[in-house]
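*Asks:* Below are the chains, spelled out letter by letter.
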Amino acid sequence: MSAIRMNPPEFRVVRDEEKCIKCLVCVRQCGFEAQQYDPEEDRVYSLDENCVACQRCVCLCPTRALRIERNPVPYKLNAHWTPEHIHNINKQAATGGVLLTGMGNDKPYPAYFDRLLLNASQVTNPSIDPLREPMELRTYLGSRPDYLGGEKDRYFGPTPLVPIETPIMFTAISYGAISHQAFEALARAAKAYGTLFNTGEGGLPEDLYEYADHAIVQVASGRFGVHSEYLNAARVIEIKIGQGAKPGIGGHLPGEKITASIAATRMIPEGTDALSPAPHHDIYSIEDLRQLILTLKEATRYTKPVSVKIAAVHNVAAIASGIARAGADIIAIDGFRGGTGAAPLMIRDHVGIPIELAIAAVDQRLREEGIRNRVSLVAAGGFRSSADVVKAIALGADAVYIGTAALVALGCHLCQKCYTGKCSWGIATQDPYKTRRLNPEIGAERLYNLLHGWSHEIKEMLGGMGINSIESLRGNRLHLRGVGLTEAELKLLGVKHAGEGM
Amino acid sequence: MRYVIIGNSVAAINACQGIRELDKEGPITIVSAEKYYAYGRPLISYWLEGKTGEDKMPYLPPDFYTRHNINVLLGRKALRIHWERQEVELDDGSRLPYDRLLIATGGKAIVPPLEGLQEEDYVTFLNYDDARRLAELAHPGKEAVILGAGPSGLKAMESLVSRGLKVTMVELAPRIWSPVLDTEAATLVTSFLREKGVRVILEDTILGGSRKEGGKLKLNLKSGKELEAGLLVVAIGVRPNVELLEQAPGVTLKRGVVVDEYLNVGLPGVFAAGDVVDGNPPLLPHAAAQGRLAGRNMAGAREKYKGSLPYNALGFLGLHIISMGITNCEPGQGYEILVQKEENERVYRKLVLQNNRLIGALFINRLERAGLYRWLIEEKIDVLPFKDKLLQDDFGFLDLPPALWEARLKE
Amino acid sequence: MYARREYCINCHLCEVYCVAAHSKSRDVWKAFKREGLRGTHRLRVEERRPESLPVHCRHCDEPQCVQGCISGAMVKDPETGIVYCHEDKCVGCWTCVASCPYGAVRPGYRNGRPVALKCDLCRDLLEPACVAHCPNRALVYEGGTT
Ligand SMILES: Cc1cc2nc3c(=O)[nH]c(=O)nc-3n(C[C@H](O)[C@H](O)[C@H](O)COP(=O)(O)OP(=O)(O)OC[C@H]3O[C@@H](n4cnc5c(N)ncnc54)[C@H](O)[C@@H]3O)c2cc1C
Ligand code: SF4
Ligand code: SF4
Ligand code: SF4
Ligand code: SF4
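Keeping their order, the protein sequence lines are chains A, B and C. Counted the way our numbering counts, the first sequence spans residues 1 to 502. Counted the way our numbering counts, the second sequence spans residues 1 to 411. Counted the way our numbering counts, the third sequence spans residues 1 to 146.
There's no promise every hint is true.
As the list claims (entries may be wrong) - Here are the simulated DSS-like pairs of lysine-lysine, each with C-alpha atoms no more than 30 Å apart in a straight line: (1) B:77 - B:254; (2) C:24 - A:22; (3) A:22 - B:341; (4) B:225 - B:254; (5) A:19 - C:33; (6) B:225 - B:304; (7) C:76 - B:410; (8) C:76 - B:56; (9) C:24 - A:19; (10) B:306 - C:33; (11) C:76 - B:24.
Hints in this document: simulated from the structure, not taken from any laboratory. Remember, it's a predicted structure, so these values are computed and weren't measured experimentally.
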């Protein structure tokens, strides 16, 4: 039984027939069967309704014959009933299901990073040229004593600080959500640059243990792939409580994606769904959390700092305080722009708060409570450039996680179809025809380049501010000014408005 | 070390290359009955129909002989060999002493008794001079009869058809190119030929004839039929050119000269290679391979000739055939036959298997990757795991177990 | 030259650029649209999804294609070791097609003539075109001829 296709195609594939040489590269590369070839007619054509604008074909077409256009929908203009709402309703009317999506919140909520400006020195406090003078981007993650010799006061042992050569780490993206090749690229680049990658909740594939000393290994509600070797091989252990893209809900990796290797890594049977419950079934209080933190430390003889990752939600500052007091060494906060492989659309787009406000609030609260030294603060969720990183650090973060930016470096064009498992770029897929598209060697190089470029820019911004070490910027909100922000926003961010002096 | 080579064709020049791989100095003398530098013998049909020019005939770059310090005596025939003195006597009376001798005299055309006809009444199709003679005789519209529908007869047919002659082929066997083509393949090819206007007469032969007034030939067939022809080409095969070896002490002559695994004829320092060798298929790749090995062994190597199955590529009037190994056999007797046909395209592909090993293949009009099958044959690879894939159009390495090829492709 | 088949993405761009490298214009578009060279690639990508594999000439030490060539068109350059076909000399008999144990010679047509299409390692270029344009570094060229 076929039904009327209520939704017109979102995109239109425009092929310049004059340029097209019928090489069929696009046909072979489109992950969504939008490009077709009819050998009888010797005709290359497109099924527009399948196109998701992933740009794979556009990027590989040797004659640049392709362009993807937004298909204008000539609905009567309606500021309230936008085409998006209409299309979503149609989808649900047809399927009765929850709307799914991938990547981060794409709605036009304010991006505070774009309303914050950095300072630069002039005359009296001269700027520093990072090419001539030392500039320190290394930072240390972990818990610092309350005062010299203060470790003894805590009744569990101290864990070592972990240095990273740049305040940028790769965020948790699990093997399973992404391909082995993408995962490996992240691991290789982290190791090469002297920073950390995060395994996410899917464990660490056995063949990548050589990168374990640069791994943050996650322990999530599904406990996938957690075993003592995993914990002990890692540099940092992270308890995942929440994720910015889908605060309050669990995860679901469908059985089709559970290949033999993913199953082995996750320690679940091949082909079964991997379900992460929304809560940890053994954590209902800060005390429960403390117990897990201590358990993990005990299991690793206090050689690994433990991080706790939460989504940025309304009460984030109080939660962070509890986490710090529970004995965490690092708190990772994931803002509402954070990416995901799959999330219900309504959750992704309507739950959580911006990371900028969360950092400011948490940093402020921990300072006020005199426990800021006990934890490092890692911010995540939608970092697009080195300027975002610098602003986050000035707001109070120790370091940041990048996820989407890293995937973009690997080829992601943000088509948001990760949840389909069809990713044309070989990133969010386990289809062996596509995973091979990402050569980890090239991926690692591109990620390394990205880290290198951003780090260099950070040095220049620091130098401009007259600062020669990233740690001196942390929480230094005097270097920030707001533009176009309300009184309340400025207060929450703890910054003055542009134009106000020191 | 003085090398003398009799013959100046594929086997001979490959022998020169083989010698020079090991011995850069020793003088080489080639005795060539033909007055041309070595040319690709099969090219004569292409030359005759104008598909390749005079300048493209030489097999080797012009400086080959000088660069390798080879003295070629063009248009000189070796008359006899004085075995005990190790000398070759030439048709101008001179003598060439040798330390190493290669007999690369190839074959000569077989001509059956043709009652009533003289040598000038027919043309064989073996060398450049034959082709030149034909070029003078083959005028558009003329009626040509070709005796023998094997590869050279078919190539002669192509040239003559392209030159605008009306061609009739007379073949004794019940089908054309009978050692290679099975009934079905032969029927396919024959119908193609007939469509191109070629008359094909099977199970018949020419017994004799006479020249009529006006120069036309009247040919008498075994069946009692008569044919009129302006031109008669005899192309029923070649016989090894072993005259020089008759009476040679210690040398065995069968159809050709018998050689040991080092290609030695049984006399110290005397080797043979190419069509002259007994049991060697009269095909160019085999002559080349033997020539090179003989050359190396003349220069001191001791390598064994492994031999390879006959294989051949033959094309005419736009139809292409590749055959290798045993192709003409019926199922049963332990043979398994796989066939693919596409009548419209005149595609016929046939594989012959025995005990899950490929032993022969015949391809008509779809030849891609034919060599891969030859490799399967030569290496006696067990094809059971991918038998069903063998005739797929894009059959390739990915259909084989990686263990068979992965390392080879990485070399 | 060898292929890392785990990275071959079946795009066939190597074939596209091989064609262009052997065109008069050396331009992809012109090669296909003006010079009519579609299908004249020398290497060939085999395809059995999810696997794909570019198969190249190996430039053998004892090249059977050369040994089998009836016209002397197929040669091995004694200096570089590159095995290539003098296309103006080739008559399209396809003995080389039957000879090459890798199936690396393709029967083809160029400029209205049948010619053997065979990798010449892009001997007039600095780097083989297929390697230079492989988007995933599946083709590796380390100099030399194998
Ligand atoms: C028309 C035609 C088409 C062919 N097509 C193909 C084909 O498509 N594919 C294929 O694989 N094979 C083909 N062949 C067969 C191939 O040409 C032979 O296998 C090959 O040429 C054999 O080489 P050879 O060096 O052994 O002998 P030949 O090529 O026969 O050369 C022998 C030479 O020795 C010379 N000679 C003989 N006796 C003396 C003497 N006493 N003194 C001096 N010189 C002497 C002869 O004049 C001749 O030049 C074809 C042959 C012909 C005639
Ligand atoms: S889905 Fe991607 S590859 Fe396919 S047509 Fe659209 S943009 Fe091109
Ligand atoms: S990749 Fe470009 S040139 Fe090739 S078939 Fe597609 S549109 Fe045409
Ligand atoms: S075409 Fe084949 S036989 Fe010739 S050199 Fe290349 S791989 Fe070897
Ligand atoms: S090296 Fe050059 S000729 Fe050989 S396959 Fe690659 S592009 Fe073609």
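*Asks:* Under the constraints set out in the numbered hints, which ones does this structure not fulfil?
*Replies:* Hints 4, 6 and 10 are the ones this structure does not satisfy, whereas the remaining hints hold.
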